[in-house]
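Place chain H on chain U using the hints.
Read off the chains here:
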Amino acid sequence: MEKSSAKKETSVVTKKKLSKNYFKRYWQLYALLAIPMVYFLVFKYVPMVYIQIAFKKYMLNTSVWKMPLAKNNGMQYFIQAFSNPEFMRALRNTIVLNLLDLCIGFPIPIIFALILNELVFKRFKKVVQTIAYMPHFLSWVIIYGIAIQLFAPSTGLINLAIMKMGGEAVPFLNDGNHWVWTYIFLGVWQSFGWNSIVYLAAIAGINSELYEAASVDGAGRFSKMWHITLPGIKPTIVILLIMAIGNILGSSFDRPFALQNNLVMDQAQVLSTYVYQYGIKGLQFSLTTAVGLFQSVVGVFFLLMANWLSRKLGERGIW
Amino acid sequence: MKVKSKKAMFGDWIFVLICVIISLICVIPMINLLARSLSSTDALVRHEVYLLPKGINFGAYATVFKDMKYIWAFFYTVILTLVSTVVSLTMTTICAYPLIFPELKGKGFINVVITITMFFNAGAIPNYLLIQNLNLLNNPLVLVLPYCLSVYNMIIMRSFFYGIPDSLRESAEIDGADFFTILWKIYIPLSKPVFATLALFYAVGRWNGYSDALMYIKKSEFYPLQLLLYNILNNINSVEVATQEGFSAPGLSESLKAAIVMFSTIPILCIYPFLQKYFIHGVMVGAVKE
Chain U
1 MEKSSAKKET
11 SVVTKKKLSK
21 NYFKRYWQLY
31 ALLAIPMVYF
41 LVFKYVPMVY
51 IQIAFKKYML
61 NTSVWKMPLA
71 KNNGMQYFIQ
81 AFSNPEFMRA
91 LRNTIVLNLL
101 DLCIGFPIPI
111 IFALILNELV
121 FKRFKKVVQT
131 IAYMPHFLSW
141 VIIYGIAIQL
151 FAPSTGLINL
161 AIMKMGGEAV
171 PFLNDGNHWV
181 WTYIFLGVWQ
191 SFGWNSIVYL
201 AAIAGINSEL
211 YEAASVDGAG
221 RFSKMWHITL
231 PGIKPTIVIL
241 LIMAIGNILG
251 SSFDRPFALQ
261 NNLVMDQAQV
271 LSTYVYQYGI
281 KGLQFSLTTA
291 VGLFQSVVGV
301 FFLLMANWLS
311 RKLGERGIW
Chain H
1001 MKVKSKKAMF
1011 GDWIFVLICV
1021 IISLICVIPM
1031 INLLARSLSS
1041 TDALVRHEVY
1051 LLPKGINFGA
1061 YATVFKDMKY
1071 IWAFFYTVIL
1081 TLVSTVVSLT
1091 MTTICAYPLI
1101 FPELKGKGFI
1111 NVVITITMFF
1121 NAGAIPNYLL
1131 IQNLNLLNNP
1141 LVLVLPYCLS
1151 VYNMIIMRSF
1161 FYGIPDSLRE
1171 SAEIDGADFF
1181 TILWKIYIPL
1191 SKPVFATLAL
1201 FYAVGRWNGY
1211 SDALMYIKKS
1221 EFYPLQLLLY
1231 NILNNINSVE
1241 VATQEGFSAP
1251 GLSESLKAAI
1261 VMFSTIPILC
1271 IYPFLQKYFI
1281 HGVMVGAVKE
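Line by line, the protein sequences are chains U and H. Position 101 of the first sequence, counting from 1, maps to 101 under the working numbering, and the rest follow consecutively. The number in the working numbering is simply the position in the second sequence, starting from 1, with 1000 added.
If we strip away everything but chain U, and leave its shape as in the complex, we get:
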């Protein structure tokens, strides 16, 4: 009994001494980390406090904690959003544009990486890569500026070419249905090169002996592509696919906002621009916070679902 308590005492002492030494030794690392932690607290976690105004009646000059609960047990603004045709339209457009991006924009970088991988002239390959990465470095405002020069009905390069060949001008930017495809095309144009980098890196990691063995067996170019390269980059594809599916309701602001115009709002209004228009400009804070919360929660849900599904199918998830 005595012995054990004495033992306990010494262990407490060494523990105390250890922790004192520990902080004496490691305080610098904590001092460095403190600054980013303050950043995350202020700019990422404090805004989460304001999420509650989605359930409350927003009042100026009142603490968020003291605002009164909205009607219907706080669900008033969610009900209002889902019975609002403007919101439903933004929701539909967000899903449609993201799905089109997924179906068209997702495979193209993979195909491009496969094509680049077939190039035998290294110098040429490098030039093509540099050129293909270029659009990624342009802002959406600039791309919009370029799009006007290309697609404008009577002055744009493409319509001039079409008219010269005797065709009729296509309203690429002014008609909703054409606008959707212009939007998708510009998205692919901007990102396909950049997004191919990941796949190229994954291809570079494939064991080259596999290709040599296949050549000995007489496999052709396409059968090597199908049986070695594609399976080799499958884990990368799956991870990026999960991220893309998790983002199905996410909407970036820069791209749709820069490209949209008054004539195409029926197709071009997405959730992020809806929140900007009715929240920051229209000051309906509670309603648009509710929309934002809906978007975030569904985003997390989709991400978890996609991750769960890919693990279920025997692939590596993102965590």
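Wrong hints could be hidden among the right ones.
Unchecked claim - Only pairs whose alpha carbons sit at most 25 Å apart, straight line, appear in this in silico SDA-like list of lysine to any residue:
| hint | chain 1 | residue 1 | chain 2 | residue 2 |
| --- | --- | --- | --- | --- |
| 1 | H | K1277 | H | K1219 |
| 2 | H | K1219 | H | N1234 |
| 3 | U | K125 | H | I1021 |
| 4 | H | K1054 | U | L160 |
For the record, the hints were derived by calculation from the structure and aren't laboratory data.
Coordinates of chain H only, in the frame set by chain U:
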């Protein structure tokens, strides 16, 4: 055997052809823009400009360089980009460096705190209300601070730090170096590639970003170049533009727009090819995280 290799060569040329077409699709819009910015009003009005400038005319560029509004926005955005790149790199470094020490207590908790912010965002309005309550509306700092640390970039830097042999750090520790010294003397000098990559990412993000300025800045003298460009392209404040000499002619105005777009694009386009060998590595590490 001979036939087979000839066939392979033919296939190679097909892939070259495809790549040439893809490259042209990437480049033609820029060439068209350049041609328009250099063309005379007449040629533009008569729709004669395709890929080569007609009636070479530097008038549009002269107008841009004479207008203090553009020059101010340009230098303001350059400074903004430099400041936010330096701040962001510093923040990223001091966040990534401590997290590579396996013995650091509380590391798991900190990682969770950081990762949550990657997948869950409070949304535009809560962020706006925060900025309002911090009294940062209309303050250029709002274009630096809120996005000064990207978790994604932090992971890239941390992976790079992991790649630096532990033995270097351990032998420095035995020699009595403290952790600041180890960071400054070992990690930072060895991490030039990742610094170059992330500097490019942050700088491009700031140079090209306009939505934060759109939401948080109302004073036009604090508009970054891209927001100014957005307003010009959409003829916001068009009265102001039209009253300046010669702007009423649609042709010049169009070549002027093209010139302004070129003017705000060129800095980035001049930099990125030189950093290509670095950023490819960065993207790779970021995607295949851990």
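(Q) So if I understand the rule, the pair passes when the alpha-carbon distance is 25 Å or less; does K1277(H) with K1219(H) pass? (A) Judged against 25 Å, a Cα distance of about 39 Å means the pair is violated.
Q.
Hinted pair, alpha-carbon criterion (25 Å max): K1219(H), N1234(H). Please report holds or violated.
A. holds, 18 Å
**Q.** Pair hint outcome, K125(U) versus I1021(H) [Cα-Cα no greater than 25 Å]
**A.** With a Cα-Cα distance of about 13 Å, the restraint between K125(U) and I1021(H) holds, given a limit of 25 Å.
Q: Please work out if K1054(H) and L160(U) have their alpha carbons no farther apart than 25 Å.
A: holds, 15 Å
Comparing the model with each numbered hint stated earlier shows that hint 1 is the single one that does not hold.
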